[in-house]
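*Asks:* Generate coordinates for the entire structure from the input sequences, incorporating the hints supplied.
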Amino acid sequence: MSKIELNKRQDRILQIVKDNGPITGEQIADKLDLTRATLRPDLAILTMAGYLEARPRVGYFYTGKTGSQLLSDILQKLKVGDFQSIPVVVHENVSVYDAICTMFLEDVGTLFVVDQQSTLVGVLSRKDLLRASIGKQELTSIPVNIIMTRMPNITVCRRDDFIIDVASMLIEKQIDALPIIKDTEKGYEVIGRITKTNITKILVQLAENEIL
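Residue numbers (my numbering): 1038 to 1249.
None of these hints come from the bench; they were simulated from the model. All clues given are correct.
The calculated label-pair distances, taken between Cβ atoms and stated as ranges, are:
no.: 1; residue 1: Asp-1135; residue 2: Ile-1171; range: 13 to 23 angstroms
no.: 2; residue 1: Lys-1164; residue 2: Thr-1075; range: 51 to 61 angstroms
no.: 3; residue 1: Cys-1138; residue 2: Thr-1237; range: 19 to 29 angstroms
no.: 4; residue 1: Lys-1238; residue 2: Glu-1209; range: 16 to 26 angstroms
no.: 5; residue 1: Lys-1238; residue 2: Asp-1070; range: 38 to 48 angstroms
no.: 6; residue 1: Ile-1228; residue 2: Asn-1190; range: 13 to 23 angstroms
no.: 7; residue 1: Gln-1242; residue 2: Gln-1052; range: 23 to 33 angstroms
no.: 8; residue 1: Met-1206; residue 2: Pro-1059; range: 36 to 46 angstroms
Beta carbons are placed, not taken as given, at the ideal position from N, Cα and C, and that holds for glycine.
*Replies:* What follows is the structure in structure tokens.
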């Protein structure tokens, strides 16, 4: 993965702060013969990216962090709610055949199963449906609640959870997706999903400098 690419002026700003920090924005602007307003976007980018830190009444100073350290800092701050996808939900009484059709039409690898009160009661993966398809059962007559993974054996996450923690759970549990839930009096309400594809998109955005 490539590190954040800086332009020439941003490189000069970094060098000035390395040599003179802590240093104020006005002092940096004077050294570059620029106005403070012109410099402000560059300083904001360098600060958000983690190359610089700013302290009130002190100024800017260089963090001394490597590209990998900066990337780690960024990943540690990303939250599930900023990258979630729309969940695909089926009722616990639908047939395995209908679930297979839904998974195909929605182009997803995981379905979340709810009861009459729209409360999460199970999860269906490709493996679950494939396993049910092997054999001579009549798929239109088998409800998904027979083959689904049930509570409490379902790993869930919430909007405020960190992406890095969710990625670790996906790897540890060897699953493709987690339901994002909201706690209600009835149980868990499914409000989103986070998948391996979401995680991959985050990495691509980081590589293309779309996330600071």
